[in-house]
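Number of protein chains: 2
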Amino acid sequence: MSMRTSYCGLVTEQQLSQTVKLCGWVQRRRDHGGVIFIDLRDREGLVQVVCDPDRPDMFKAAENVRNEFCVQITGLVRARPAGTENTNLTSGKIEVLCHELVVLNASVTPPFQLDDENLSETTRLTHRVLDLRRPQMQYNLRLRYKVAMEVRKYLDSAGFIDIETPMLTKSTPEGARDYLVPSRVNAGMFFALPQSPQLFKQLLMVSGFDRYYQITKCFRDEDLRADRQPEFTQIDCETSFLSEQEIRDLFENMIRHVFKEAIDVSLEAQFPVMQHIDAMRLYGSDKPDLRVKLEFTELTDVMRDVDFKVFSTPATTEGGRVAALRVPGGGELSRGDIDGYTEFVKIYGAKGLAWIKVNEVAKGRDGLQSPIVKNLHDASIAAVLERTGAKDGDIIFFAADKAKVVNDALGALRLKIGHSTFGKSHGLFEAGWRPLWVVDFPMFEYDEDDARWVACHHPFTSPKDEHIDYLETDPGKCMAKAYDMVLNGWEIGGGSVRIFQEAVQSKVFRALNLGEEEARAKFGFLLDALQYGAPPHGGIAFGLDRIITMMAGADSIRDVIAFPKTQRAQDLLTQAPSPVDERQLRELHIRLRQPEVPKA
Amino acid sequence: MSMRTSYCGLVTEQQLSQTVKLCGWVQRRRDHGGVIFIDLRDREGLVQVVCDPDRPDMFKAAENVRNEFCVQITGLVRARPAGTENTNLTSGKIEVLCHELVVLNASVTPPFQLDDENLSETTRLTHRVLDLRRPQMQYNLRLRYKVAMEVRKYLDSAGFIDIETPMLTKSTPEGARDYLVPSRVNAGMFFALPQSPQLFKQLLMVSGFDRYYQITKCFRDEDLRADRQPEFTQIDCETSFLSEQEIRDLFENMIRHVFKEAIDVSLEAQFPVMQHIDAMRLYGSDKPDLRVKLEFTELTDVMRDVDFKVFSTPATTEGGRVAALRVPGGGELSRGDIDGYTEFVKIYGAKGLAWIKVNEVAKGRDGLQSPIVKNLHDASIAAVLERTGAKDGDIIFFAADKAKVVNDALGALRLKIGHSTFGKSHGLFEAGWRPLWVVDFPMFEYDEDDARWVACHHPFTSPKDEHIDYLETDPGKCMAKAYDMVLNGWEIGGGSVRIFQEAVQSKVFRALNLGEEEARAKFGFLLDALQYGAPPHGGIAFGLDRIITMMAGADSIRDVIAFPKTQRAQDLLTQAPSPVDERQLRELHIRLRQPEVPKA
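Protein chains in written order, with my numbering: chain A, 159 to 758; chain B, 159 to 758.
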């Protein structure tokens, strides 16, 4: 005898006049005209249960149930009285006349109402078990499952094999900080939790598995921002014998498939491909949000000889940039709005925010309203108006500084205006899904602090074939076979064609100032593997948490993870991390630095 | 232009007279009659490539290739000359006449031949990348993938949802030793890697997800045996509102499905169900290998009053046992064989191994040959012969000691004889797949060292409803709603119906001598969750590594894991664990206990 015959949320008029057994939670109990109505909930939704007083035992039981009691009911499916149907529910045309009600497990009063939309995150994470009962959280995690399963289906039919790589790996302190795991058996030694399975998946290609994937946890011990977690999930993929174009096509198709199957969204048939240099030029970002209909205008060349040091100094300095952002209709922005934006760009290092309101283009200089226009000669003004394509009623913002500051500040301003109420009401934002590829990244960027080149992606990314000589002569000019998939301003995936020749890998290590001995100590196993006929290979990794967050329209990746950590890397539900026994530390050959062990 | 048109191993007579492009590794190069033959290998198998000297450039390239070179060839598919077909290969009816040969990546000479079957494990794990190129390892890992995927398909269609649970969890030192992860942000605190997602999956049931699964890594820092790894993979499942019987049926079906789909084995339609007490009685083991056609005979009651202390003392002592193992045809075992078995059972604590050879049953005492028969009175001899069903030519072994020693020693002897050449040639071993359920485990076993009851499964297992009172009065009598799935002597899965009522959970904690404060500190989040209408729930976890090891007929679980650890918990390929920088330790607020940091 089963405890139930159906999910609550799936009882429909198909079962009219049948006796059903249901198990679920009391969402709400109403007493109405001597009758008790119970909204009974399970993962599939709600059903209305009606308890009549003509069965006194059952009615007495029904009188005692409270919200979140777990109950089992047996009853007859009947049509709801005309006019009381609920079209929002699958079960909305029927109700269940209760014959028997068994309290499977009572509930103390929950600390909050499940439908309260204004709970603090601390409350939600502390009482995560109840928080997860909310329909939105149920939806989010089921969506997450559906996406993962669709990814598996797609990759399976494309010949990919899921191969598990180790969680207890070697610490190679490049990039982010490792989580370390002390070894008991090997005193004084440590494992690291993987930041990604990068090297293992490359080794699997050298082993000839040809197509690999894994949906797996990765770990980075970084200070957490809104969209980061200490442990996060990657869709990690690698292939052999494919060109960059073929790899991108394969995974573009995967994302298209998943969006269609999981949320019925048809992404465009061919994602735009943008060179990294163009993304920086037009949007100041390597992950531009193409929903925002605003672009930068390059003005560095125009401002070299103006009599205005704020512009001419960056314009004539190596690594400087002057750029503009024309905002159609921005003439109506108030002085207060502009002051707000000026403060905003300072977050990104800008010293100020010059602007020109374009009242009448036809009047040239006289048609402009601006604190800076007096400092600009006619040729530069003409160039600004022409290049930006200014129209009456626009505002043009300017940034002039080191290129990084200009890109960050003006890029952030672009997004802020685009996403603002003003932007949305002026056609500067177009809702929808705007994927693109950003390609042709530089191999290296110069780390001023360490005075050395560091890898933009990671040190295993292949340089462009025609740029291999730059590795030794001019690393800054060397471009990589690297590509990011960007969606609505988020990097959702990143990958590259990898180095498959030991000689090239060694050159890259040298360019990164990694001595031969150090390279061997850290990556000897990779260099060895590359010597045994490693195949050309490349791949990509997608951030599953981010993709689901976007699909679900959630505020935070914490809303698409069952048991996330807080921004202080704590699990408020189980109270992890926590102090441990001295005996445990002794077995691991470590001790705390503090004189005192914190109390539990 | 793609680098290849087909996998090497999949070229067949379907492509006769077509030009193909193939990429792969040189398995072997033979020079024969002025022509070069290359066996080209990829993950799908081998194809024969023929290089004629009439294309000098290509031929020169072919002359230079060596084993494990990664090459691309372009050529014409033609039939092999009659009589040279290879029926072991999918591509065995054809060969590819090479037009062009490109060395994609050369290989230094591998440290061993890929087809060498006698490599040490150290060699294989050190050069794992090459070891994984071997067809057997390719098969094992692809089988592993197929099994995991079939598990997913089955569970998906049964309404299960894969939900990821945390890897950075709370240390609750019950059971095995935790792997710890020091927290940087929370000084002096530690995460633990999960020994299983047990509590999280129960919390997900309380949250109403109804059916959960996850194929996930678990971690135990134990001293390693042949079939253990520090990190291992579980198929972890949990359901709500199902009875023990329904849960077992669901997962029995899953295993049946997976064996059929992955290796085309039809397991029996209904697995036998054996009570734990019967498994111990008949096989001395809670994971009996039913392929061995030998059973214990209980003799404790018969031996109470014999004038032979070796038997009568255990027979009259609380917790003692006397049992026999009849071996049909064992009369032909030599004195040397018997001495060998006597040594063998000493490993398990037995002090000796009594035996009786049954020459002629009809003659009673006079038909027996034995060093002990003189010590046994007629009634006991009659009982031995009758209960064991002895026949002429048998041998009967005896064990008499504490029950645990009898069970371990005689159980091990049963397996040893069953799997021996003697056993196999005498019908004592029947090859095949013999699954069963072992059920009705005791809740607790008494830990003599700690002088307290410990949980046989884990402290969240539900007692039988009718045994709840025993929790307070007589824990030793309390049976659990626990079940193991056993296959050919291996426990491949274990689970239970869980406690879903806070009051019962608290009683179990008390029976385990876990004080209220300690219980709250460790498991407060569970006790809290159970108060909010937790549903009846239960589940199971299967050991994926073991299942694949059995399916693949591998010697060790290390043969079904891409990058396993050695028995000293080391990764010989990447050299993990390894020493780390002092800076990293400082950030984690720990220091080594040794005065010296080991050198890298």
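The hints are simulated quantities; they were obtained by calculation from the structure and are not laboratory data. This one's a predicted model, so the numbers in the text were calculated from it and none came from an experiment. Each hint should be verified, as a subset may be incorrect.
Which copy? The list can't say, so a pair holds if one copy fits it or any two copies do.
What the hints assert, rightly or not - Dumping the calculated EDC-like pairs for lysine to aspartate or glutamate here, alpha-carbon to alpha-carbon at most 20 Å:
no., residue 1, residue 2
1, K179, E402
2, K515, D552
3, K251, D274
4, K665, E456
5, K467, D273
Hint check results:
1. Taking CA atoms no more than 20 Å apart as the test, K179 paired with E402 passes between copies only; the shortest distance there is 19 Å, against 56 Å inside one copy.
2. In this assembly of identical chains, the alpha carbons of K515 and D552 lie at most 20 Å apart only when taken from the same copy (6 Å versus 107 Å across copies).
3. For the identical chains of this complex, K251 and D274 are neighbours neither inside a copy (27 Å) nor across copies (70 Å), given an alpha-carbon limit of 20 Å.
4. Taking identical chains as interchangeable, the C-alpha atoms of K665 and E456 are never at most 20 Å apart, the minima being 35 Å within one chain and 73 Å between chains.
5. In this assembly of identical chains, K467 and D273 lie within 20 Å of each other by CA distance neither inside one copy nor across copies; the values are 58 Å within and 73 Å between.
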